Amino acid sequence: MVIGAQGHMASRGTIGILGAGRVGTAIARLAIAAGYRVKIATSKPAADNALIIEIVTPGAEAVDVAEAADSDLVLLAVPLHKYKTVNAEALAGAVVMDAMNYWSVTDGDIADFEIDDRSSSEVVAAHLNESRVVKSFNHIGYHEMEPDASTPGSTGRRALAIASDDTEAKARVAAFIDALGFDPVDAGDLAAGRAFEPGTDIFNGRFSADELSLKLHASLVTA
Amino acid sequence: MELGMYSFGDTQRNTDGSLRSTAEAIQNLFEAIKHADASGLDYFGVGEHHTATMPASSPGAMIAAAAAATTQIKLGSAASIIGTDDPVRIFQQFATADAISGGGRVEITAGRGSSVETFPLFGYSLEEYDDLYAQKLDLLMAINNADTELVTWSGTVRPALDDLAVVPRPASGKLPIWLATGGNASSSARAGQLGLPVSYGIIGGAPHRFAPLAELYRRSGAAAGHAPESLRIAVGALGFVAPTKKEALDRFYPGWHNLNVEMGRLRGWPAPDKRAYLEQADAPGAYYVGSPDEVAERIVHLHGYLGHMRHFLQMDLGGTPQDQLLESITLLATEVKPRVQRLMAQK
Chain C
1 MVIGAQGHMA
11 SRGTIGILGA
21 GRVGTAIARL
31 AIAAGYRVKI
41 ATSKPAADNA
51 LIIEIVTPGA
61 EAVDVAEAAD
71 SDLVLLAVPL
81 HKYKTVNAEA
91 LAGAVVMDAM
101 NYWSVTDGDI
111 ADFEIDDRSS
121 SEVVAAHLNE
131 SRVVKSFNHI
141 GYHEMEPDAS
151 TPGSTGRRAL
161 AIASDDTEAK
171 ARVAAFIDAL
181 GFDPVDAGDL
191 AAGRAFEPGT
201 DIFNGRFSAD
211 ELSLKLHASL
221 VTA
Chain Y
1 MELGMYSFGD
11 TQRNTDGSLR
21 STAEAIQNLF
31 EAIKHADASG
41 LDYFGVGEHH
51 TATMPASSPG
61 AMIAAAAAAT
71 TQIKLGSAAS
81 IIGTDDPVRI
91 FQQFATADAI
101 SGGGRVEITA
111 GRGSSVETFP
121 LFGYSLEEYD
131 DLYAQKLDLL
141 MAINNADTEL
151 VTWSGTVRPA
161 LDDLAVVPRP
171 ASGKLPIWLA
181 TGGNASSSAR
191 AGQLGLPVSY
201 GIIGGAPHRF
211 APLAELYRRS
221 GAAAGHAPES
231 LRIAVGALGF
241 VAPTKKEALD
251 RFYPGWHNLN
261 VEMGRLRGWP
271 APDKRAYLEQ
281 ADAPGAYYVG
291 SPDEVAERIV
301 HLHGYLGHMR
311 HFLQMDLGGT
321 PQDQLLESIT
331 LLATEVKPRV
341 QRLMAQK
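From first to last, the protein sequence lines are chains C and Y.
In this text, residue positions in the first sequence follow full-length UniProt numbering: the first is 1, and each later residue adds one.
In this text, residue positions in the second sequence follow full-length UniProt numbering: the first is 1, and each later residue adds one.
Among these hints, one or two may not hold up.
[Stated by the list, open to error] Below 20 Å or equal to it, Euclidean Cα-Cα: the simulated SDA-like pairs (lysine to any residue) are:
no., chain 1, residue 1, chain 2, residue 2
1, C, 44, Y, 190
2, C, 44, Y, 135
3, Y, 274, C, 144
Keep in mind that the hints were calculated from the coordinates and are not lab data.
The model shown is predicted, which means the values in this text are computed figures rather than measured ones.
Please take these sequences and the hints and turn them into a complete structure.
This is how it looks when you write it as structure tokens:
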């Protein structure tokens, strides 16, 4: 029996969230509002998170990592320096959305992310080598997620970029992003995610789908 | 409701934009604390910050000096970055300042720090970030809660203490120790479980979104058996007071702009956007910039969500002129505070 389990299955599907920090909980609230069943796990036992989840993300369930990993989509939102503690085996085969950033000026240098110029999500994907990793949700502030979400077709609706080597996984994440309140924009393969990492215009700004597509195109031209 | 301010020190700028001395910033900070005390402000928090533009790196030294030069104001750190410092030394410095203050005016606020420059500065590894914080907080509490000066503690991030004396003891037995957090839910739960008062640093977004965290804090504390009156909340935010809203906006903006240019250079941000400033400076934004009426109303409005007992503002950044800072302090103490008390009494 999971803690806080709902008596019904939400129709949209199940989202597993690893990490109950500010990013994980903001996306959890949006997903619950959009009709998803949300399961949250951290490195602590589920019971230790029950009160946090009851109050901060009402409607979500506190579960262990294995159960969160066994969801239709999994959001990875733990401090990046802990990425190697994430259980790759539990996430084998899962569509994993990587919302993390390597931002050394605020978080300090992490050796794994300094050795080459791969995007941080490529380094994460090398660890989660049996998962279908999609980079997204990293270029919006946690405090902007709920105020900026809007219904499809809203004027100036904010867009979020997605990058992955897995086309089908990307399509599923695109549908999730749209349901949460943003226009998804395909940036290309996982390596293309560099175009919306810290220090880029996309990371620093707020853009509609048209604007974001132009920015992504410009970064491809200059790359 | 207690009203106060906090500062990381604010290095002044020449007309060409170049920085004046960090020593002058410390002298200005000392003057501001004395002025806040004389004006009737309830609380002043100092540092810890380690940059050329915000040089209040040593809260213990600053507070000891301030304790000798003030009579009524409470003095604390905002916050002490305990993961990269020695809790024994922090406690000794603050207990010393407490004795100088006459007893009962000095507090420690323990935090992780919002940036990581203390790790290379003091030779710590970021990989131990969580362990350092948790264990050193545990040690700081062990010292504070000890019945005598003799302390016994062991951990992995620091040599053990085996019945060693940590002196002086605070005049009233213990120092208030607050836990600082920027809004991570597990930090609120931890503060509640430990029964420590919590200090929220709210630097962007709508402050009332912290309401669930306040509830989490209180319920975590109650579940751990702590009395409701021991579970206190403070809020630190950016703000500035002037006779009119327009003057407040105009006086605070240049420093805000300078700070954001500096941080943008480090973090790859674009030029700061004045619209974002103006948006944050109006309800329900995070900046308490305005006339005494508006600032008082917004503090009391937030109290309806958080039930906090202290609201304190960072009013000097990016080279805020000292005379304008002192006027803002005067207005906060003599104009905002009575308005807050009146509005609270009407609730």
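Evaluated hints:
no.: 1; hint: C:44 - Y:190; result: holds (13 Å)
no.: 2; hint: C:44 - Y:135; result: holds (17 Å)
no.: 3; hint: Y:274 - C:144; result: holds (18 Å)
Comparing the model with each numbered hint stated earlier shows that all of them hold.
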